[in-house]
Amino acid sequence: MKFFRSPQATPYLLLLPAIVVILAVVLVPLLVSFWTSFTSYNLVRPDSLYNFVGLRNYRRLIGNDDFWWAFGRTVVFITIALNLEMLMGLGLALLVNRITWGQRTLRTIMMFPMMFSPILVGFQFKYLFNDSVGLVNNALFALNLIDKPIPWLVNGWLANFSIIVAEMWMSTSIFAILLMAGLLAMPKEPIEAAKVDGCNALQVFRHITLPFLMPFIWIAMTIRSLDVARAYDMVKIMTNGGPAGRTELIWTLMTRTGYQNSQMGMANAMGYISILLSIAFTIMFYRNLSKARVFMGGAQ
Amino acid sequence: MSARTIEKPWQRWLLRITLFIAMMILVVPGAWVVMTAFRPNVEVMARPPIWIPQDWTLNNFLGIFGLLPDRQQGLPVERYFFNSLVISLTSTVVAILVGMMGGYAFARYRFKGKGALFLSFMLSRTVPGVALSLPLFILWSKIGLIDTKFGLILVYMAINIPFTIWLTDGFFRQIPADLSEAAQIDGCTRWQAFWKVEFPLARSGLASAGIFAFLTAWNEFALASQLTRTTASKTMPVGLMDFTAQFTVDWTGMSAMAVLIIIPALILTFIVQKHLIAGLTFGGVKG
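Protein chains in written order, with UniProt numbering: chain A, 1 to 300; chain B, 1 to 287.
Think of the hints as simulated: they come from the structure by calculation, not from any bench. Note that the Cβ used here is the ideal one computed from N, Cα and C, for glycine as well. Incorrect hints may have been included.
Stated by the list, open to error - Label pairs and their calculated CB-CB ranges:
1. Leu183/A <-> Lys142/B: 48 to 54 Å
2. Lys196/B <-> Arg104/A: 29 to 35 Å
3. Leu14/B <-> Leu210/A: 18 to 24 Å
4. Gly144/B <-> Trp68/A: 37 to 43 Å
5. Leu55/A <-> Trp191/B: 49 to 55 Å
6. Leu210/A <-> Phe270/B: 30 to 36 Å
Looking at chain A on its own, in the form it has when it is part of the complex (with noise of 0.2 Å):
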């Protein structure tokens, strides 16, 4: 007891209450469901959490192509829709920041989609691209650049195009506002200084703009990289991971092996190997963001 009283003992005090939660919400359900990954536990027969079948699931996960073409649907999509977003955000970042009149107009509507939810994102696109009533199929009518309506979320080519596009529309302004941010906390004086050495518009931006926006790019892909679990809410809207499985994610596959196939230790299984893919992401960028950092020198 006298620990608790000491000043030592402040800091562990402070973080107590959030050590429990996070123990309680997070830590103890990820051991139940590590328990459940070498069980044949399936949610009809609740008895089955205490039949230990040890690596069985993992086995047969190694042997299924379902899980790994969705492994890799996953690692694909969640590559080309951060490095896109991270593109077009800086593209929309740097262009607003050239306007001087109405700036602040402008990064109020720019921040317009993040305040839809990734569910409500799901059905918006669902409606725009559905073949018959939606506004991407009358938009390419009324041009007459198609007789026939396109079956966007029924092709599997196209499918996947349409999460995609859905992904970018909802989280490109996350990217832009981050990275706006670090444009408006950018020093002026080094930009003066190598227009008067004569650098042009491109050189600038090479040199200094970007290596000063590294780091925000670098926190923008951890936290967007952290988050693209929520493209499990648009996919399971807009294609529940059809036509044919040519969608399917880990995330939806998970569920989908959990809850409608009742196979929860399978689908825990499959939990473990997806998040040491998260862990991997996660390890990446933060390394990408310490190098960034320790180049910027003493701006931090």
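We have chain A already, so just place chain B on it with the hints.
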């Protein structure tokens, strides 16, 4: 900026046109759904399409509340809205309080295991919502938290606390430690110094952390859809699923519900948006 390079007129126009197109892309998809919420169903199905609503109507809103005579079955939207509000507000307030304490500890104290603790908080966020929903479902059903507001509040707290700690840590670091030390020399206790000096200065950071936490809880779907069953705890995003119960989606009703989900988010974001940009910079990059 004084020494801005003088642009040629065509460059200025190119810039404006590009910006206009970009803003249209950002606004139109959302605005289209909002517009649909005020159209009669006939207009949605019309061929050739009707671009600008001709017949503005509130029937879609009345319809989802079950206030139209011909469409007798409404949805318990007001229950969903109330649940969402209670769950989001409670979890946000608690997450901010708990997160602020944690952030303050990280910003102001040196202690054993600090780095490891900080990293653990970060890593707890790498667990995606869906991956957590399966084990939480098992646990919550064992202790009877399925389909309760408390069950969801607890989950959203856990999701928001790490992020709040991260943001507030950055904000408290921004405030020079001398300020609270000076207050303590003037006779304040550490506690008083915190409330009178540091808390007001960190307010904008807390505001932006708050809006993030609220929006996360307000918009969350994956966990809510598994942990809720009835009107006792179903939230708005889960309620939106009611529109796909049939083979065809009721687009006008869905759009009306969408508007109801957006409004609180919109109002809150406009109120707090001034702090938003500041919150993102300081919390995120300066560590």
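Hint check:
1. Leu183/A <-> Lys142/B: 48 to 54 Å: holds (50 Å)
2. Lys196/B <-> Arg104/A: 29 to 35 Å: Holds: the Cβ-Cβ distance is about 32 Å, inside 29 to 35 Å.
3. Leu14/B <-> Leu210/A: 18 to 24 Å: holds (22 Å)
4. Gly144/B <-> Trp68/A: 37 to 43 Å: holds (38 Å)
5. Leu55/A <-> Trp191/B: 49 to 55 Å: holds (53 Å)
6. Leu210/A <-> Phe270/B: 30 to 36 Å: Between Leu210/A and Phe270/B, where Cβ atoms are some 32 Å apart, the hint holds.
In this structure, every one of the numbered hints holds.
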